[in-house]
Amino acid sequence: MKGFHLMRSLAAISLGAVLMVGCSSGGNTSAPAAGEGGSGQAASTDEQEIQAKIGVVGFLSGSGAAYGEAQKAGLELALGELNEANKGKLKIELKFEDSAGEKEGAINAVNKLINQDNVVAIIGPTLSGEMFAAGPVANEAETPIFGISNTSEGINDIGEYVFRNSLPESIAIPTAMKAAVEKNGLKKVALIHASNDDFSVNGYKVMKATAEKLGLEITGEATFANGDVDFSAQLTKLKQTNPDALLVSALYKEGSMVVKKARELGFTGTILGGNGFNNPKVFEIAGPAAEGLIVATPFSPEKKDDKVQAFVKAFEAKYNKKPDQFAAQAYDSLYIMSQSLLAAGKAEREELRGQLAQLRDFTGVSGKLSFDEKRNPIGDAVVVVAKEGKFVPFE
Amino acid sequence: MFWQQLVNGLTVGSTYSLIALGYTLIFGVLGIINMAHGQIFIFGSLVGLVLMTSLNMPLGVALIVAIVISAILGLVLEYTALRPLRKKNVPHLASLISTIGFAILMEEAMHKFFGADSRAFPQSFGDTTFDLGLVQIRSVDLVILGISVLLMFVLHFWIQKTKMGKAIRATAENTDTANILGINTNMVIVVTVMLASALGGVAGILIGMAYSALIPTMGMTLGFKGLAVLILGGVGSIPGAMVCGVLLGIIEVFTVAYGDSSYRDAVAFGLIILILLLKPEGLFGRKA
Numbered sequence: 001m002k003g004f005h006l007m008r009s010l011a012a013i014s015l016g017a018v019l020m021v022g023c024s025s026g027g028n029t030s031a032p033a034a035g036e037g038g039s040g041q042a043a044s045t046d047e048q049e050i051q052a053k054i055g056v057v058g059f060l061s062g063s064g065a066a067y068g069e070a071q072k073a074g075l076e077l078a079l080g081e082l083n084e085a086n087k088g089k090l091k092i093e094l095k096f097e098d099s100a101g102e103k104e105g106a107i108n109a110v111n112k113l114i115n116q117d118n119v120v121a122i123i124g125p126t127l128s129g130e131m132f133a134a135g136p137v138a139n140e141a142e143t144p145i146f147g148i149s150n151t152s153e154g155i156n157d158i159g160e161y162v163f164r165n166s167l168p169e170s171i172a173i174p175t176a177m178k179a180a181v182e183k184n185g186l187k188k189v190a191l192i193h194a195s196n197d198d199f200s201v202n203g204y205k206v207m208k209a210t211a212e213k214l215g216l217e218i219t220g221e222a223t224f225a226n227g228d229v230d231f232s233a234q235l236t237k238l239k240q241t242n243p244d245a246l247l248v249s250a251l252y253k254e255g256s257m258v259v260k261k262a263r264e265l266g267f268t269g270t271i272l273g274g275n276g277f278n279n280p281k282v283f284e285i286a287g288p289a290a291e292g293l294i295v296a297t298p299f300s301p302e303k304k305d306d307k308v309q310a311f312v313k314a315f316e317a318k319y320n321k322k323p324d325q326f327a328a329q330a331y332d333s334l335y336i337m338s339q340s341l342l343a344a345g346k347a348e349r350e351e352l353r354g355q356l357a358q359l360r361d362f363t364g365v366s367g368k369l370s371f372d373e374k375r376n377p378i379g380d381a382v383v384v385v386a387k388e389g390k391f392v393p394f395e
Numbered sequence: 001m002f003w004q005q006l007v008n009g010l011t012v013g014s015t016y017s018l019i020a021l022g023y024t025l026i027f028g029v030l031g032i033i034n035m036a037h038g039q040i041f042i043f044g045s046l047v048g049l050v051l052m053t054s055l056n057m058p059l060g061v062a063l064i065v066a067i068v069i070s071a072i073l074g075l076v077l078e079y080t081a082l083r084p085l086r087k088k089n090v091p092h093l094a095s096l097i098s099t100i101g102f103a104i105l106m107e108e109a110m111h112k113f114f115g116a117d118s119r120a121f122p123q124s125f126g127d128t129t130f131d132l133g134l135v136q137i138r139s140v141d142l143v144i145l146g147i148s149v150l151l152m153f154v155l156h157f158w159i160q161k162t163k164m165g166k167a168i169r170a171t172a173e174n175t176d177t178a179n180i181l182g183i184n185t186n187m188v189i190v191v192t193v194m195l196a197s198a199l200g201g202v203a204g205i206l207i208g209m210a211y212s213a214l215i216p217t218m219g220m221t222l223g224f225k226g227l228a229v230l231i232l233g234g235v236g237s238i239p240g241a242m243v244c245g246v247l248l249g250i251i252e253v254f255t256v257a258y259g260d261s262s263y264r265d266a267v268a269f270g271l272i273i274l275i276l277l278l279k280p281e282g283l284f285g286r287k288a
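Residue numbers (full-length UniProt numbering), protein chains in the order written: chain R, 1 to 395; chain P, 1 to 288.
Just chain P, with the same shape it has in the complex (with noise of 0.2 angstroms):
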């Protein structure tokens, strides 16, 4: 049973890893923590499997429309909720509050649109499961498996290496400074909203096909986890943000196997304050 969990706490984690991207980008960047994060990617994906249930669009599009889709929204909320802030040099807590009214938005509007209930996810791999001896491992986990450590890869590959990347971390750095060596910080910011919702729509996705439906309130569940590996893995950090994904995913499942199910977030989020009694800048973040 022991590989097996671990395999389920894989899977779980590696889905927290790809919502603390789309906060700790966001973070490294603006310097703020977005809290429509989740509501954002969780309407991404829902128009996503919308279009796979009603239209029987394939998966590939789903997954498509569900990225741009993120993105469009995290393009909107950049643009009502972060810049005129921005603008106005307000501080920081005006924008965690502006995004928190652009949250409650989303949900609303995820009501309106898709109705308050869980929608099934169908099931795009059919029923084969792999069996390894030891664990049995399900098409599904594997693809979820896959896509996320090869887009963490991507993602850290792209940051260190190309240009933009470079600009990101320029900006992250300094923004000021940035700006007067020639970078165009406002498009920086636009590309890293974006591409953080984007994440998070192919997160949406993914976690549609781990459960096997999407809840228009799992934003907000989700969008907690996400924050508790932001601080878990020290925000603004993106290895922190992917390994700190897997390990609170293993954290949980491992509660509920060999502990008891009901104290499922107390002992992973004690864990967490445990942590960062003895580490406060997190396992992965740089001292201030």
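Chain R extracted, bound-state conformation (with noise of 0.2 angstroms):
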């Protein structure tokens, strides 16, 4: 109760910032710089520089800190080459908070930013479980806030200052199934997924209304738990049924794990992923049991397209790895943001918000992407097949 009474007095102190700086702004010149809700240095006029503060909040640390890591360095890539590129015209600077990949975690640093740091917008939060806590926070303060991994269903309806560029699971996921049902022919599949999971549960959820849509028979079903290692009980119990196929609805660390027991339990037949599968480390840990995992995603390093090249190019220069997923849309965000901003000519978060709802056909290294009338993300997943150590597109 006393957590809701504080996020609710929070709530309300950064609305009023958010007023105060509605009426300073109205026809007043010398905006006071104190309690401006992310207009930093008041730019209006064309010659000058919009100084643009933008807040991410990341898994950084604890047991998902490898995805937080990628966003962080595709957002810091984008970042130089933005800034760069956008002399004289857009400086933007990123306020980095980890969440820890926890709700309460993500709720504190989107209320920080909000109110201390002044933020216009905020990208992030990693999870999809941490949205759903933070974003109703930054939608009360009228603050635009950014998913770059967020692909469970119901995202956009938590507000209208909510905003993702992650594909949702329901556009990926049966993109991928159709085309492993037409190709392998599958005909009866096992489930398994992590229950503790929300992003892992929407998949799971995706992924048996597709099955049940394609009239494929499901012989069983399993659960774990993140931060589970040991699978060998649920998957001797679903191999037992005799499945077509397996399809795995989890985060790219349990899940690589998954795919390795299935293939020494002596599972032969197709295994499919969900979007976490979408990431080169699933190399290192299933190592050559990955062989054959089919994925959907909407960014594989291996398209043949000049930007999508060049991404990976200035990704490995810097970081000495190839890009995932979680990079490539972190990266393609803040090109975004930056897009959005010199749209709006100023860095104030009511202007930012009706640029971003116009977002129309923007190309990015993650594909094509347009919002919807319900901010919805409209764009292509590419249906992918794991071999011989990294992903290629499936035919």
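Be a bit skeptical, because a hint or two may be false.
Unchecked claim - Pair ranges (Cβ atoms, derived):
#1 P:G60 - R:K87: 54 to 60 angstroms
#2 P:L271 - R:E291: 37 to 43 angstroms
#3 R:K87 - P:F224: 51 to 57 angstroms
#4 P:Y263 - R:K213: 26 to 32 angstroms
#5 R:K213 - P:I273: 42 to 48 angstroms
#6 R:K390 - P:G133: 36 to 42 angstroms
If you're looking for bench data, these hints aren't it; they were derived computationally from the structure.
Note that the structure is a prediction, hence the values are computed from the model and not measured.
Glycine included, C-beta positions come from ideal geometry on N, C-alpha and C.
Take the two lone chains and join them into the complex the hints point to.
This is how it looks when you write it as structure tokens:
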């Protein structure tokens, strides 16, 4: 109860701050610096450089730090490029906050960024569950919050200020399943997912619905928890039901271990994974067992596209490893932000929200992106298959 | 499927036993629960694993490295977190907290050195499976089972029959009396802490083999399993740790196999509560 009151009052304070800006910018040229919700150096003229402070909430420590680190790398690469390209017009400053993958952490980080750092917008948080917790806080404070890895259903329903460039699983998974059914002639499938993770549960629901729609027989279902290390009991049980394919909805860490274990136990059918598998680390963890794994993804570093290849090259030069989908979507998000900020002409939350909502046909490294009237991302998913240590297009 | 799942349970359970042995040894001698045990042995085995993957060292070398590093960390724990408190004669709760501090330190150090990702464990025994009619046993499972059972028997014999083992038992019985009788109890404590950590090092490598990966955060999750076994078997009881570790593993696996996998921990820990209600001193514990 106490926390709820605190949140409410914080939200009220920040709302007040936004309203104050609204008043002071109306006809007043020398706006006071204090209490300005994200307007920074209030630059509305074209000659002056726009100063935009953007907050980032990432899973930067703890069990999923790898996701947050990838996102941070993608954002920092984009930041360098953008500040160079837009010199004199727009200068973006990023403020990173660590949520440690916890809902409370994400809420605290969002509150701090909005009220203390006066950011114009927030990128993140990493997990869908965190977004469901922190999104309403930002929405209440009328600050755009931009998910770059939240693929669960219902993210956009949080509110008008919530955006995302990550394709929902409801687009990606059916694309992959249809391709696999056509190519491999699947009839019977078994499902396994992480039951304590919103993202994985959502992916599982989509898989199940799609399987029913495609007329596949479901031979068995099992769950595990994020952080589990032993999957032998579940997989032995599922293997016994003799499915043609195993559908895995999990983050890559546990997912890769599930794939490896399934192969070790002698499962020879098709394995199809959700969005979480789209990470080069899968090959490190699962090794040769990853061979043949089918995944739908918005981003593949192997895609023959100039923009993608330039990004991969720049990323490799800076970090000495291949970018994954987390880095790619983070990278794209800052480009979308800068494009919208330039169109808005000033670093102001309401203006930025309006520009973001109008995004159409943005071409980034993770494909073409538009928002529909409900700000849902519309884009294409590529179906890829693991082959000799990398994901190649599935044909 | 029953027999196959039994093998799964045995494999998982024998690693729990090895972890619980570490707790029980230290508890027996010092009367404290070492909350850093999980982190210490995962750290040790991660060093071993890194040597295996980046320098192509054989499994045997990795195992020895894991044992040595874990033992050294145990020594550091004794000199930084346990001995200074023991000298001041503070309540046992204080050293519980200081070991938690050590655990956090270890966990952060692992993130710094090894990253947060899981690290794949190279397959050292190939994919050979032995078809025994009822069950298919992977060679890895055989090695894990073999090493754990062997270690448990060696440990049991060592504690019961050797001079050092007797000194450990005497210290566990009563440190002051053992001291008066001429046992260098400080040395016994150092040996016990190092031995417990070294056993952890073996467990860490076996766990890596069983699950095909090691994750820095495993120290905590598996540490809790070890603690549960410790309580279930009766704190300080070596046979209790051995038998109950295997028991917990089998209970867990059968919950998943014949029930709902999301109830894995609920059923396992529910049973522990039930057993403790009926037998509060643990299955193998002595009445206080």
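Inset, instruction - May I ask which of the numbered hints given earlier this structure violates, with the numbers listed in increasing order? - result: No numbers; nothing is violated.
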